[in-house]
Amino acid sequence: MRKEARLARMKFVASLETDTRLALEAQLADRLADLVDAAEIIAGYAAIGSEISPEVCLARAARKGRTIAYPTFTGDDEQFLFRAGDPVMPGPHQIRQPADDAPLVKPDLVLVPLVACGNGGARLGQGKGHYDRVLARLVDDGARLVGIGWKVQRLERDLPSEPWDVPLHAFCSPRGIEFFD
783 MRKEARLARM KFVASLETDT RLALEAQLAD RLADLVDAAE IIAGYAAIGS
833 EISPEVCLAR AARKGRTIAY PTFTGDDEQF LFRAGDPVMP GPHQIRQPAD
883 DAPLVKPDLV LVPLVACGNG GARLGQGKGH YDRVLARLVD DGARLVGIGW
933 KVQRLERDLP SEPWDVPLHA FCSPRGIEFF D
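In my numbering, each residue carries its 1-based index in the sequence shown increased by 782.
In short, the hints are calculated from the structure, not lab data. Remember, predicted model here, so these are calculated numbers, not experimental data. Yeah, the Cβ is synthetic: ideal placement off N, Cα and C, and Gly gets one too. Please note that a few of the clues may not be correct.
Label pairs and their in silico Cβ distance ranges [said to hold, decoys possible]:
| id | residue 1 | residue 2 | range |
| --- | --- | --- | --- |
| 1 | A808 | D868 | 28 to 34 Å |
| 2 | Q908 | I959 | 33 to 39 Å |
| 3 | E960 | R915 | 22 to 28 Å |
| 4 | D882 | V795 | 15 to 21 Å |
| 5 | L886 | K846 | 17 to 23 Å |
| 6 | G847 | Q809 | 31 to 37 Å |
Straight-line distance between alpha carbons at most 20 Å, and here's what the computed SDA-like set of lysine to any residue pairs gives [stated by the list, open to error]:
| id | residue 1 | residue 2 |
| --- | --- | --- |
| 7 | K933 | F794 |
| 8 | K933 | W946 |
| 9 | K933 | F961 |
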């Protein structure tokens, strides 16, 4: 299922002109505006490959005085922490992250990358469990989890889940936002 979803995402993104992709990412930011305006600390991610980029959204939020955070790994740790600041250095997985001395923060809104989103907010991630190890703790502290992706990533079916999987509160694409709770 993960392989199929990745392939669909790659094909969709390959069909986009650069200007169209940028316009869709700006539409994503528009769709997220109300959630971002209600948050103080917003966690995003540095997109890789065919992932949708939250950068337009995060830049708008920063201009409004919101704190922006990114997942940050230290060494080969299996669990990341969120640090405020720009993603200026490659982490152990070659994904950009803030410097190791950037302030640790606890986000109240997390823009979650995904391979696919199913019914009820079930999230299919990359398969390594990095987000699964962090999301439950954040939800317990009141954070809202919003999966973001392209329209092809929202699957109208149930996805298999494990007891440790944390459902998303919403899924947002340039087409719109869908709340699950």
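Numbers of unmet hints, in rising order: Hints 1, 2, 4, 6, 8 not satisfied by this model.
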